[in-house]
Each structure stands twice: as structure tokens, then as C-alpha cells.
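There are 2 protein chains.
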Amino acid sequence: MSRKKRPDKEAYIEGVLAGDRVMLSRAITLVESKLQADRELAEEVMDALMPHTGKSFRLGITGVPGVGKSTFIGRFGKEVVSKGHKLAVLAIDPSSPSSRGSILGDKTRMGALAADPRVYVRPSATGGALGGISANTREGSLICEAAGFDFIIIETVGVGQSEVAVRHMVDAFLLLLLPGAGDELQGLKKGIVEMADILVVNKADGQSVSPAREAQRAYSQAMKLFPPKLHNFPTKVLTCSSLTGDGIERLWNELTDYWQLVYKSGYMEEERRSQRVHWAKTQITDFIELYFYAHPSIKEEMPKLLQKVREGEVATLSAARKLMELFLQN
Amino acid sequence: MSRKKRPDKEAYIEGVLAGDRVMLSRAITLVESKLQADRELAEEVMDALMPHTGKSFRLGITGVPGVGKSTFIGRFGKEVVSKGHKLAVLAIDPSSPSSRGSILGDKTRMGALAADPRVYVRPSATGGALGGISANTREGSLICEAAGFDFIIIETVGVGQSEVAVRHMVDAFLLLLLPGAGDELQGLKKGIVEMADILVVNKADGQSVSPAREAQRAYSQAMKLFPPKLHNFPTKVLTCSSLTGDGIERLWNELTDYWQLVYKSGYMEEERRSQRVHWAKTQITDFIELYFYAHPSIKEEMPKLLQKVREGEVATLSAARKLMELFLQN
Numbered sequence: 230m231s232r233k234k235r236p237d238k239e240a241y242i243e244g245v246l247a248g249d250r251v252m253l254s255r256a257i258t259l260v261e262s263k264l265q266a267d268r269e270l271a272e273e274v275m276d277a278l279m280p281h282t283g284k285s286f287r288l289g290i291t292g293v294p295g296v297g298k299s300t301f302i303g304r305f306g307k308e309v310v311s312k313g314h315k316l317a318v319l320a321i322d323p324s325s326p327s328s329r330g331s332i333l334g335d336k337t338r339m340g341a342l343a344a345d346p347r348v349y350v351r352p353s354a355t356g357g358a359l360g361g362i363s364a365n366t367r368e369g370s371l372i373c374e375a376a377g378f379d380f381i382i383i384e385t386v387g388v389g390q391s392e393v394a395v396r397h398m399v400d401a402f403l404l405l406l407l408p409g410a411g412d413e414l415q416g417l418k419k420g421i422v423e424m425a426d427i428l429v430v431n432k433a434d435g436q437s438v439s440p441a442r443e444a445q446r447a448y449s450q451a452m453k454l455f456p457p458k459l460h461n462f463p464t465k466v467l468t469c470s471s472l473t474g475d476g477i478e479r480l481w482n483e484l485t486d487y488w489q490l491v492y493k494s495g496y497m498e499e500e501r502r503s504q505r506v507h508w509a510k511t512q513i514t515d516f517i518e519l520y521f522y523a524h525p526s527i528k529e530e531m532p533k534l535l536q537k538v539r540e541g542e543v544a545t546l547s548a549a550r551k552l553m554e555l556f557l558q559n
Numbered sequence: 230m231s232r233k234k235r236p237d238k239e240a241y242i243e244g245v246l247a248g249d250r251v252m253l254s255r256a257i258t259l260v261e262s263k264l265q266a267d268r269e270l271a272e273e274v275m276d277a278l279m280p281h282t283g284k285s286f287r288l289g290i291t292g293v294p295g296v297g298k299s300t301f302i303g304r305f306g307k308e309v310v311s312k313g314h315k316l317a318v319l320a321i322d323p324s325s326p327s328s329r330g331s332i333l334g335d336k337t338r339m340g341a342l343a344a345d346p347r348v349y350v351r352p353s354a355t356g357g358a359l360g361g362i363s364a365n366t367r368e369g370s371l372i373c374e375a376a377g378f379d380f381i382i383i384e385t386v387g388v389g390q391s392e393v394a395v396r397h398m399v400d401a402f403l404l405l406l407l408p409g410a411g412d413e414l415q416g417l418k419k420g421i422v423e424m425a426d427i428l429v430v431n432k433a434d435g436q437s438v439s440p441a442r443e444a445q446r447a448y449s450q451a452m453k454l455f456p457p458k459l460h461n462f463p464t465k466v467l468t469c470s471s472l473t474g475d476g477i478e479r480l481w482n483e484l485t486d487y488w489q490l491v492y493k494s495g496y497m498e499e500e501r502r503s504q505r506v507h508w509a510k511t512q513i514t515d516f517i518e519l520y521f522y523a524h525p526s527i528k529e530e531m532p533k534l535l536q537k538v539r540e541g542e543v544a545t546l547s548a549a550r551k552l553m554e555l556f557l558q559n
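Heads up: the sequence lines are chains A and B, in that order. For the first sequence, this note's numbering begins at 230 and goes up steadily by one. For the second sequence, this note's numbering begins at 230 and goes up steadily by one.
One or more of the hints may lead you astray.
Each pair may be met inside one copy or between any two copies, as identical chains are not told apart.
[As the list claims (entries may be wrong)] EDC-like cross-link-like pairs, simulated, lysine to aspartate or glutamate; straight-line CA separation at most 16 Å:
| no. | residue 1 | residue 2 |
| --- | --- | --- |
| 1 | K537 | E499 |
| 2 | K234 | E542 |
| 3 | K551 | D276 |
| 4 | K453 | E423 |
| 5 | K493 | D267 |
| 6 | K551 | D515 |
| 7 | K284 | E540 |
| 8 | K510 | E554 |
Rather than coming from a laboratory, the hints here were simulated on the basis of the structure.
Starting from the given sequences, assemble the full structure and let the hints guide the process.
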């Protein structure tokens, strides 16, 4: 397939706002691009789309590999669309080594969901420090909102840093767990459990119904040890089966209760304001480092200086200052 | 007490190299200073001291508040000096609200240790993001080495980020634990347990001897779940009593074995090389941000722009770029 001519700014904006899926996908690819020319266009597109964002419920879903995230999203997503929502899923595809993604892989894992016309699934690569969450996953979710999707799921693997990033993008954070609480708690970072607004023990079917209930009890006990959240919604522990659908409706009702609480109390809007400032600051730091490390004098001098630092010939502080002065001179 | 005239570069260097405790303390204060004039002098002093650093064993000690870190260091430090070492302790003093520190408080907590002429204790404030570990705690430890101390202890509270920072400063990381393993494991971040080279269950005396042994068994089991470390020294779990001294000699022997292994295998030297590069990069990032946020145009424009970001009027990406351009223009 030959590479199409790049659309102009208006084509991106109008395409996304019209809900055109091809333009939606291309706009997300644009904000993920690291090319300088793409970056500037991406910023203009994002500025134009901003007024059309915000009208969705943003849900982060995490859990260790093997917990059944994709199958869960496949089943839960059916519930979401059955309630009249348009659903966008920004999902990690572990089968994909590059950002091109294996859409077929995701389609299989999520069952019929990806084929539903009310659903848009965007797989991402799992490479990189953030376990599939790229720096611009948040921009991707905003573009989906501008395209008319009013329920956004951002899926992440339970590895730590990516959960912190996703927590700053979403209104609610759902932690998916396996039956068998003892081992589980050790495999999870405590910080991730603390970040969750709702815990769901998955695979509560067949012989696992009883272990799932045990896990539910153990986690419910553990949750009492944490201080209450700012939104005052107690962190509930539910069970569900992505196979039989048991517990999915209950989960939907809980999320609806949560949503109404945080929306009415103004918590959600205030949280979103803080999140925007958080991301601006993060992106400022990213920008500065990008400019610094791309600077010709830095590129030339830094490896030499770091070699001296490595061998202990130069103190780290003076090496840092020398590079800073080089950067500011030019 | 009136503030003394600031010594010149040579006075700092000669004083530290001569092991003069007053100049040692003032040199550490100098590298902790945020004043521009002090920063440059600090860098020159560090450059001159670098060739005299490195001849020590650097031990990080962490544990949750209440685990008895200071009492442990008081007892363990006695063992260190009894083996002929000169010991410097860079310790957190929770009783100190400012960087001036409450030396009396530390002296009490560490018993006779701080009064020993072979020991230098430097308390730090607990304020700030890194729980008492300042950006320049590492420089402080290097200055102690240049002053002839060949065993460095860096104490930190078990809160997360500071442990990661200290892990990058030391040759070995010791995690102090309380008897009563179950509750303990939940209170600790898994990442901290993973970083430890040796675990010590403290307070193994009186009625706690048996719970301490239980905790030892539980942790030993848990340790088997972690992959082996690069240095191939198995993460042992010991017990000790800072009160009776039981287990202190055993700990000393384990640390000596560890030290010989990492020294002979070349692991330690390679690790220290990586650590130097790590700190140079960290300080470069700190420097860039410092310059950026201190820039007059940024100071003026950033609050206005962040307000627009907060209200969703400007996309985060274009706000970040606008600020970057402002910074580079001037």
C-alpha cells in the first residue's frame, strides 16, 4: 500500500469531528509521530479539537499479564454499548512489537467488540518505558472524544510507571485481579492498589467462583487499611466473569454511581483541571530535554564528558554545568 | 554565633583532605547550598576532591519509621569502628525541621556513636520530596571519603523515592525490618524489597525473638520469588538486636563477604561507573529545569498559560511549545 499524501490541518479537524474513522486513526498517528513537521501540525490539530473534548467517561483498566484484560474489555465493552454509549478503547496489544500494532490479534482477544460499529479500538505497541502507554496516549483519547466517543477505556499492563501515567489521564481507575489473593498481593505494587477506584476479581466462573469470593474478601479487608480517597467513594471489590457475564451489570451500576458522585460533587472537573496542568508540565520537561539532547554542541561534547564522569575524572556537578553553559551559549 | 567569613577554595580542599571536621561540615553545607555563588565554588571543590574519593564501603540503610534505624546504626557503627574503620553517617533526623538539624536529637538516638572520635555524623532535614535525601547527599558522602572516612552509611526513611536515589549512591543496600512479617510486607513497597542486598529483622530480643525468626523465615521464602541479582550474592535475611548486639557480628561477616565478592568480581567498580553517569544525567536535567523555571519570560508567561491549560482553552502540547520557544528566544 502506498503512503497517502498527508492531509492538511483542516482535513484532520473536519475528519475527526465528523467521526471519520480513517481520519481519526490518522490523527492519532499524527500526535504519536516524533517528526518535527508532524509535531507542529499535531499541536494545531489538538488546539482546534480541544473545545470538542471532555464529554466522556474516561476509565483506566490495569492488571498483571494473564488476568484477562482483553477478554474482560470485550465483555464489559458490550455492556457499555448496550447502554447507548460509543466506546473507544486505547489498548495495549502484547502481540505487537511495533507501533503499527497487530489489529487482528486485538480483534481476536476482544472478541466481537472490535467489529462493532459503535466501538473504536486502537492498539499500541508494548515497547518503551511506559509499557505501551506512549507520551501521547492522552492526546489519542482526546481525539476520540472529539470524534464523538463518550466512553474511553485506556488499558495498561500492571508494571508500575504506566499506571501512574494512566491514572493522570482518567476519571476512574479499575484494577483487574485474579482469584487467589495471597500471591496476587505480592505481585502487585502497593501503589497501584492505592490508585484504584474499583477492584474487580476476574474469572469468577466454574471452579474459580469460590477462590474469587475469597480473594474478594481478602482485598476488601486490605482496602480498609488505606485512607479514604478524596472523592469519598469507597474502593469496592467486585467479582465478575468475562466468560459468563456474571457481575458485569453490577460493575456497570457501581461505575455509574461513581460517575454520578464525582460529576455532581465537582470532583471530576477539578481533577481534570489538575490533570491538564500535570500533563502540560510533563510535556514542558519532555520538550526541554528533547531540545537539549538534540543540540549539536551537546551531542558532540556530552559523550566525551560523560566518559570522564564515568571514570571519575570530572565531578558530576561540574560536568552538568559545562553542558548547560554550552547549551545556553548557542 | 556570628557567621564566619567564607573560606576560599583551597581552604575547603585542604581542610577536608586534612580531615578537619569543621571544614568537612562546612564543605557539605557548601554543596547543599542553593546560592549561585556557592554552587560554582562547590563544583570546583568537588572537582579537586574527586581523586581522593572512592576508598570506602558505601552502605545504604532503610526501613519504615519505628523500625529502629538510629539505634541499629548506633550499635552497628560500634562494630564498624571496632574493626578499624572510620565511619561517616549521613543520617536523617526526623526531629529536625530545617537543614540545620538537631544534632542533639541524633546523638541521643545513636547513643555513644556520635561522640566517638572515629565517627562523623551528619544529620539532614526530613523535608522535601526525597525524605531527607537531598540532591547532594551523594556529594556529601564523597566529601567524607576525601576526608578519610572509609565506611559510609547513608540512612533513609522507607518512603519510596529516596530509596531509589540512595540505591544509586551506595555499594550495598540494607533493609531493616520489624518482627511480624505479614503486616510488614504490605507496608513496604515491593520495589524497595527488590532493591535490598541484605535484609535484617531488627528487635530480635526478649519476647520478639520468636516473631523475628518467623519473619526471617517468611522473608527468606519471599526472597526466593525474586530473580537473582547481577552481583550473584544471594539476598540473605538475618535477625539482630540493637539492644543485646545479637546478630551484629554475623551481619558484619555477611557484609564483608558481600564486599569481597563485588570488589573482586569487578561488579562494584562497574556499578560505581554507572552510578556516576546516572548522577551526571540527573544533575543535567535538574540544571536545565532550574534555568528554565528561573527564566524571566517563563516566570511571567507560564502562570498565565497554565491557567489556560487548566481551563482547557489551550492544548498542553502547544502550551509546552510556546514556553519552550520563549525560553530559546532569550
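Exercise for the section: First find the shortest C-alpha distance between K284 and E540 inside one copy, then the shortest across copies, and answer within, between, both or neither for a cut-off of 16 Å. Expected result: Between copies only: 14 Å across chains, 55 Å inside a chain, cut-off 16 Å.
Problem - Intra- versus inter-copy proximity for E542 and K234 (alpha-carbon distance at most 16 Å) - result: neither (52 Å within a copy, 30 Å between copies)
Practice task
Please work out whether the CA atoms of K551 and D515 approach to 16 Å or closer within one copy, between two copies, in both situations, or in neither?
Solution key: Between copies, since 13 Å is at most 16 Å while 21 Å is not.
Handout entry: Same-copy or cross-copy closeness of K537 to E499 [CA-CA at most 16 Å]
Key = For K537 and E499, only the inter-copy Cα distance (14 Å) is at most 16 Å; the intra-copy one is 48 Å.
Handout entry: Intra- versus inter-copy proximity for D267 and K493 (alpha-carbon distance at most 16 Å)
Key = Result: close neither inside a copy nor across copies, 39 Å intra and 52 Å inter.
Practice task
With 16 Å as the alpha-carbon cut-off, assign the pair K551 and D276 to within, between, both or neither.
Solution key: between (37 Å within a copy, 12 Å between copies)
Exercise for the section: Indicate which option fits the pair K510, E554 if close means a Cα-Cα distance not exceeding 16 Å: within, between, both or neither. Expected result: Classified as between: cross-chain Cα gap 15 Å, same-chain 23 Å, threshold 16 Å.
Exercise for the section: Pop the pair K453 and E423 into one bin, within, between, both or neither, using alpha-carbon distances up to 16 Å. Expected result: Within one copy, since 11 Å is at most 16 Å while 26 Å is not.
Checked against the numbered hints above, the structure violates hints 2 and 5; every other hint is satisfied.
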